[in-house]
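Q: Sequence lines, in order, name chains A and B.
In this text, residue positions in the first sequence follow my numbering: the first is 1, and each later residue adds one.
In this text, residue positions in the second sequence follow my numbering: the first is 1, and each later residue adds one.
Some hints could be false.
[Unchecked claim] Some chain B residues near chain A, calculated using beta-carbon distances under 8 Å: (1) K8; (2) F21; (3) R39; (4) A47; (5) A51; (6) N56; (7) L87; (8) K89.
[Said to hold, decoys possible] Subject to a maximum C-alpha distance of 27 Å in a straight line, what follows is the list of computed BS3-like cross-link-like pairs (lysine-lysine): (9) A/K256 / A/K332; (10) A/K315 / A/K342; (11) A/K342 / B/K83; (12) B/K90 / B/K68; (13) B/K2 / B/K90; (14) A/K332 / B/K8; (15) B/K59 / A/K101; (16) B/K90 / B/K59; (17) B/K83 / B/K59; (18) A/K332 / B/K59; (19) B/K2 / B/K68; (20) A/K408 / A/K342; (21) B/K83 / B/K2; (22) B/K78 / A/K454; (23) A/K332 / A/K297; (24) B/K89 / B/K68; (25) A/K315 / A/K297; (26) A/K332 / B/K83.
Note that these hints are calculated values from the structure, not bench results.
Each residue gets a CB set at the ideal place from its N, CA and C atoms; glycine is no exception.
Residue-level listing of the chains:
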Amino acid sequence: MHLETDVLVIGAGGAGMYAALEASKAGASVILADRSLIGRGGATVMAQMTVAAALGEQTPDSWEYHLSDTLAAGRGLCDERLAAMLCREGPMRIREMDAWKVGWARNGDHIAQIHAPGHDRPRCVYVDVLATGPAVSRTLRTQLNLASHIRRIGDLAIVDIVVRDGIACGAVAVHLATGEPVTIAAKSVIIATGGLTRLYRRNSASFNMGGDGYALALRAGAELIDMEFVQFFPIGHLAPRLVGMDPIMWDPFRYKLGGKLLNSEMHEFEDDYAAQDARSDGNYVLTRDRATYAITKEVELGRGSPAGGAYLSFKHVPDAELRRSFGPVIDKLAANGIDLTKQLIEVAPIAHYHMGGVRVDESMQTGIPGLYACGEAVGGANGANRLSGNAITEAFVFGARAGQCAAKSALQAGAHWSNEAAAPALDMLRSGAKHDTPNLAVAVTDLQALMADKVGPFRTEEKLAEAIVEIDRMTGELGAAPPSSGQSFDPELIDWLDLRNMLQVAKAVAVPALARTESRGAHQRDDHPGLDEAWTLNQIISLSGGDISLARGANISKKASA
Amino acid sequence: MKAILEIKRGLPGAEPTVETFEVAFEHGQSILDGLRAVRRETDPTLAFRFACINANACKECMMLIDGKVDYACTVRLKEGVTKLAPLPKKALVRDLVTEIAPPDERLHGKS
Ligand code: FES
Numbered sequence: 001m002h003l004e005t006d007v008l009v010i011g012a013g014g015a016g017m018y019a020a021l022e023a024s025k026a027g028a029s030v031i032l033a034d035r036s037l038i039g040r041g042g043a044t045v046m047a048q049m050t051v052a053a054a055l056g057e058q059t060p061d062s063w064e065y066h067l068s069d070t071l072a073a074g075r076g077l078c079d080e081r082l083a084a085m086l087c088r089e090g091p092m093r094i095r096e097m098d099a100w101k102v103g104w105a106r107n108g109d110h111i112a113q114i115h116a117p118g119h120d121r122p123r124c125v126y127v128d129v130l131a132t133g134p135a136v137s138r139t140l141r142t143q144l145n146l147a148s149h150i151r152r153i154g155d156l157a158i159v160d161i162v163v164r165d166g167i168a169c170g171a172v173a174v175h176l177a178t179g180e181p182v183t184i185a186a187k188s189v190i191i192a193t194g195g196l197t198r199l200y201r202r203n204s205a206s207f208n209m210g211g212d213g214y215a216l217a218l219r220a221g222a223e224l225i226d227m228e229f230v231q232f233f234p235i236g237h238l239a240p241r242l243v244g245m246d247p248i249m250w251d252p253f254r255y256k257l258g259g260k261l262l263n264s265e266m267h268e269f270e271d272d273y274a275a276q277d278a279r280s281d282g283n284y285v286l287t288r289d290r291a292t293y294a295i296t297k298e299v300e301l302g303r304g305s306p307a308g309g310a311y312l313s314f315k316h317v318p319d320a321e322l323r324r325s326f327g328p329v330i331d332k333l334a335a336n337g338i339d340l341t342k343q344l345i346e347v348a349p350i351a352h353y354h355m356g357g358v359r360v361d362e363s364m365q366t367g368i369p370g371l372y373a374c375g376e377a378v379g380g381a382n383g384a385n386r387l388s389g390n391a392i393t394e395a396f397v398f399g400a401r402a403g404q405c406a407a408k409s410a411l412q413a414g415a416h417w418s419n420e421a422a423a424p425a426l427d428m429l430r431s432g433a434k435h436d437t438p439n440l441a442v443a444v445t446d447l448q449a450l451m452a453d454k455v456g457p458f459r460t461e462e463k464l465a466e467a468i469v470e471i472d473r474m475t476g477e478l479g480a481a482p483p484s485s486g487q488s489f490d491p492e493l494i495d496w497l498d499l500r501n502m503l504q505v506a507k508a509v510a511v512p513a514l515a516r517t518e519s520r521g522a523h524q525r526d527d528h529p530g531l532d533e534a535w536t537l538n539q540i541i542s543l544s545g546g547d548i549s550l551a552r553g554a555n556i557s558k559k560a561s562a
Numbered sequence: 001m002k003a004i005l006e007i008k009r010g011l012p013g014a015e016p017t018v019e020t021f022e023v024a025f026e027h028g029q030s031i032l033d034g035l036r037a038v039r040r041e042t043d044p045t046l047a048f049r050f051a052c053i054n055a056n057a058c059k060e061c062m063m064l065i066d067g068k069v070d071y072a073c074t075v076r077l078k079e080g081v082t083k084l085a086p087l088p089k090k091a092l093v094r095d096l097v098t099e100i101a102p103p104d105e106r107l108h109g110k111s
């Protein structure tokens with residue numbers, strides 16, 4: 001099947017939906033494709049947390065204050081143009097969402113803003129109770145329904161971007177529900193596929209976050225930036241098994257009510273690790289990276305909880321106070337058999353967000369004309385560490401900007417599609433035949449374990465070098481042709497396509513992590529503790545001869561002072 | 001603990017078969033956990049749909065569980081037999097996967 005459109009948006013989370021809306025508003029025809037259902041997959045719908053914007057509703061504020069907090073969190077590596085855009089345009093998008101009746105929580109007659117870690121004042125909006133993500137998704141889906149010229153197509157997995165004479169001209173996809181290959185001619189293509197947290201054993205994201213967009217961008221000839229910076233969330237839920245909740249849910253609990261981190265000896269260990277960090281995370285003793293370090297070390301020293309993390313205790317909080325603060329959530333916990341007044345839960349660091357991503361300019365365009373990126377898929381705005389609350393803001397702001405710019409260039413461009421340029425990806429899909437392969441569902445789990453153990457929050461030269469060897473071995477084993485094709489909803493084909501992307505992206509993280517011989521933000525090297533001024537630079541990843549190649553940007557601090 | 005999953009599966013137009021898989025589980029694990037274990041341990045060709053795994057946000061994992069429409073990611077595994085089948089009122093895609101997208105969000109439109 002062949003489709004044609006002005007703008008193709010890949011991924012229907014917050015960023016992709018916003019991009020589609022703005023592109024259609026600018027007069028372009030749009031195809032919004034998602035490998036899952038529209039507005040249901042991705043990370044946005046799962047977010048239960050807050051959204052940062054300098055609205056000045058709670059206390060006087062300015063986007064410049066938000067920017068200075070964002071830059072400080074980024075430890076010197078932020079792309080200031082992108083970070084400034086996020087902070088400057090955030091308030092406008094938050095108010096637009098408010099007008100679309102997303103339901104930001106109110107404090108009397110104004111939008112409520114809370115003070116989240118790393119911010120200098122109350123700045124973060126939310127939808128009660130822990131319902132921000134679903135409310136945002138619902139609101140954007142409604143707007144999509146009202147918009148014209150947006151064709152939404154679910155179950156459509158993009159296999160490769162098609163590039164002709166160095167210009168993006170569409171994509172090759174496989175329709176999962178039928179197994180049928182699909183070509184899409186598009187004058188602009190926007191990558192809005194989110195992050196890569198599925199690469200890790202424990203993560204807070206959905207099945208769809210295997211880094212698809214990074215791999216698509218690389219193979220199209222675009223560059224990635226800051227790929228070594230994977231944000232781990234220190235107190236992700238570990239046990240007992242909990243369903244129907246975002247695994248990072250304990251953060252607001254801990255923030256509001258306190259909450260004690262205990263090891264297996266019931267010792268409160270946070271103070272043992274308290275470091276002199278000028279920017280403390282608000283009410284916490286430890287910043288996110290120190291808390292991750294503390295829990296990981298306690299486990300390594302044999303003082304972990306049974307499931308391999310730390311205990312988190314709210315036993316000191318009276319039932320009435322728990323209910324007053326989180327009533328509906330307490331009911332959900334009860335349905336899961338959890339009573340916080342009687343019981344300890346277990347938490348551990350989980351992969352949460354990716355700071356790195358596709359390198360873009362201020363129009364969200366990559367180095368490949370016609371190819372854009374937005375949302376978490378973009379790298380640079382958050383530097384070495386993301387400020388809490390910035391993820392959904394960037395989804396809105398970068399999504400809208402990408403949609404506008406992609407539409408503008410599409411409306412000026414002529415058709416550029418070429419069947420010849422699409423042939424390699426189509427041939428690959430058709431080359432698949434039923435043959436014996438190792439169980440690819442196991443290979444995915446193996447890769448997740450490898451990344452967690454060797455490319456996790458605490459890294460060494462030895463571990464990273466081992467990881468790269470193993471990734472190369474698995475890549476060889478995967479081979480160049482899928483195991484089967486042409487069938488409806490073939491899970492082995494999906495695993496193969498996923499692994500093709502995941503392995504490429506895994507290497508794109510491990511290689512710059514090995515090169516960066518310092519510790520900064522989310523990248524912590526046990527063998528190179530401490531920040532090294534000489535490393536105040538971004539590392540750039542591209543594909544050369546089919547393999548990951550690494551380049552260094554200029555030193556940002558020197559450039560700024562020059 | 002061991003769960004026995006009795007799964008009605010097949011492609012559209014063909015007579016469905018019922019296959020039985022045994023999976024070890026720990027207290028609190030979901031049907032979806034069990035299905036993913038089946039793919040790793042026994043049969044990687046088993047098809048089912050999910051996206052959010054844990055958060056019960058995507059609503060993609062709906063199927064017939066012991067005769068009742070429910071979410072595979074919220075219903076717990078239990079000892080003994082659990083019967084799984086695709087949603088009866090939706091067009092079958094494969095095994096436990098059915099066509100659940102709204103008609104105007106499909107490639108082939110309102111078929
Ligand atoms: S997997 Fe998302 S609701 Fe069940």
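Q: Hint by hint, note whether the structure agrees.
A: Verification of the supplied hints:
1. K8: Hint on B/K8: violated, closest Cβ of chain A at ~15 Å, above 8 Å.
2. F21: At 14 Å from the nearest chain A Cβ, B/F21 fails the 8 Å test, so the hint is violated.
3. R39: Where the cut-off is 8 Å and the nearest Cβ of chain A is about 4 Å from B/R39, the hint holds.
4. A47: 5 Å, holds
5. A51: Interface hint status for B/A51: holds (4 Å vs cutoff 8 Å).
6. N56: With Cβ-Cβ at 4 Å, under 8 Å, it holds.
7. L87: 14 Å, violated
8. K89: 17 Å, violated
9. A/K256 / A/K332: Since the Cα atoms of A/K256 and A/K332 sit roughly 18 Å apart, the hinted pair holds (cutoff 27 Å).
10. A/K315 / A/K342: With a Cα-Cα distance of about 6 Å, the restraint between A/K315 and A/K342 holds, given a limit of 27 Å.
11. A/K342 / B/K83: 35 Å, violated
12. B/K90 / B/K68: This hinted pair holds, its Cα atoms lying about 14 Å apart.
13. B/K2 / B/K90: The hint is violated at about 31 Å.
14. A/K332 / B/K8: Distance ~31 Å between A/K332 and B/K8 Cα, so the pair is violated.
15. B/K59 / A/K101: Distance ~22 Å between B/K59 and A/K101 Cα, so the pair holds.
16. B/K90 / B/K59: Distance of about 15 Å is within 27 Å: holds.
17. B/K83 / B/K59: 20 Å, holds
18. A/K332 / B/K59: 17 Å, holds
19. B/K2 / B/K68: 22 Å, holds
20. A/K408 / A/K342: 59 Å, violated
21. B/K83 / B/K2: 14 Å, holds
22. B/K78 / A/K454: Violated, because 35 Å separates the two Cα atoms, which is more than 27 Å.
23. A/K332 / A/K297: At roughly 32 Å apart (the allowed maximum being 27 Å), A/K297 and A/K332 break the hint.
24. B/K89 / B/K68: Holds: B/K89 and B/K68 sit about 12 Å apart, inside 27 Å.
25. A/K315 / A/K297: Holds. A/K315 to A/K297 sits at ~24 Å (cutoff 27 Å).
26. A/K332 / B/K83: Given that 27 Å is the threshold and the Cα spacing comes to 26 Å, the pair holds.
Violated hints, in rising order: 1, 2, 7, 8, 11, 13, 14, 20, 22, 23; the structure is consistent with all others.
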